Amino acid sequence: MKNLFILFILSFLAGCGAKDQITVPLYVWQSWEESTTENSLRSDFERWKTYGTVGVCFNAHLDSAKIATAARIAKELGLEYHAWIPTMLQEGLDSTCYTVNRLGESAYDKQAYVPYYKTLDPLNPQVRRFLKEQFERIASIKEVDYIQLDYIRYADVILARGLWDKYGLTMNEEYPKADYCYCDSCVAAFQRTSGIDIRQVTDPSTNQEWAQFRCDAITGLVNELVDAIHAKGKKVSADVFPGPQSYAVWMVRQEWNKWNVDAYFPMNYNDFYKEPAEWIGKVTAEEVKSVADKKTPVYSGLFICRDWQNKANLIDPEHSGLLPSEIEEAVAGSMKAGATGVCLFTPNDMTPEHWEALRKAIRKTY
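Numbering of the sequence shown is given in my numbering, commencing with residue 19 and proceeding in unit increments.
These are calculated hints, taken from the structure and not from any lab test.
Keep in mind it's a predicted model, so treat the numbers as computed, not measured.
All C-beta atoms, glycine included, are put in the ideal place defined by N, C-alpha and C.
Keeping only pairs whose Cα atoms sit at most 20 Å apart, straight-line, the calculated SDA-like set for lysine to any residue is:
(1) Lys252 x Asn241
(2) Lys184 x His337
(3) Lys292 x Gln327
(4) Lys150 x Asn278
(5) Lys67 x Gly96
(6) Lys253 x Gln152
(7) Lys276 x Glu304
So the derived label-pair ranges between C-beta atoms look like this:
(8) Glu51 x Arg377: 21 to 31 Å
(9) Lys300 x Asn57: 41 to 51 Å
(10) Gly213 x Arg377: 58 to 68 Å
(11) Ile40 x Thr188: 37 to 47 Å
(12) Ala310 x Asn241: 11 to 21 Å
(13) Asn328 x Pro294: 12 to 22 Å
(14) Asp234 x Lys313: 17 to 27 Å
(15) Lys300 x Trp182: 15 to 25 Å
Construct the complete structure from the given sequences, taking the supplied hints into account.
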C-alpha cells in the first residue's frame, strides 16, 4: 500500500510537471530606445525569459557597441541573440545607391509613404559592398548568433489593406510613385536579359518578367549576404512578409522561399490585412509548405495590441494587434500549421492579460 501511494504521488507530480512544460519556442522583437541602458536591458531580458522567451531579436541598427552589449547580456542569460537590422533602410550613402520609382523620383530625396523609406537599390554594387562589410563586421561580434535581415525588400508597391485608410489611399493596382526600381542601371540590366525596355512599356505592372527580375534582385542580394555571414561562422534569419506567394511576392518582391537563410520570421500581422486571428494559421501553413524541402524553421510573428481594451476605436493597424483573447488561437493556429515557434512584436506591448493567455498557450501540445 505504501509503495502504491508513493507511485501515485510521483505520477501526480510528473503530470503537474508536464503541464507546466513549455512546448512552444518563444522569441521577441524589441528595439534599443533612447532610455535603454545596460541595466534596463538586463532587466527586460530577465523578465522576458521568465515568460518563456528563448531568443531575442534586438534592433540596434548597425551600432556595434550597442549590439555587443545587448548580445553579451543575452548570452549571459542563456538567450539566443539575433542582431535585427533594417537592411535596405540606410542613410548616408551616395545618392546613386537609392531606388528610383516609375516617375523618375529617387528615394534618396523623395520617399514613398514615409520619410524613412530611403530604400537602397539591391542591384547596386556599392550597396552590396556596403551591406556585406557591415554584416561581416557585426557577425564578428562573438556573442551574436544570427544576423536578422529586416526590410530586405523594395518599398511596398501595394500597401497591406489595413494601411490604406491611414495613408488615405486606395491601392487596387501598382502606382508609379511606389513602384521601384527604374534607375538607369536596373533598366539596362533588365533589357540585357529580356530585350525589353521597361520604360517603354505602357503598364509595367503587367510584365511578369519585370516582376520576377526584381524578386531575383532581392534574392541575389540575400544569398550573397548569407554566404558572407556564414563565412564568419554565424547564421542568418529574415523578417518577411506573409506568404510568400499570397502577399510577399507581389507586395514587396520577396520570393523568400528561394533564400538560403537559416530561419524565417514571417510577420503574420492579421490586422494589417484586415483578417481575423484564425487567418494566422492559414497563412502559416502556406509559409511552412513553401520551405518544406529546405526544412528551414518558421517562427510565426504575432503583432500585439497594447491598448486592447480600446481596439475598436483604433484605425491604424500599427496600434492594433492581437487581444489577450486571441493569443491562444494565434499560437495554436501557427503551431498546428507547422511553425517551429512564435515571435512577439513586441514584448513591451504585452499586458498582464496577454502574458497570462500566452503562458497557457505555450504549454499546450499541438
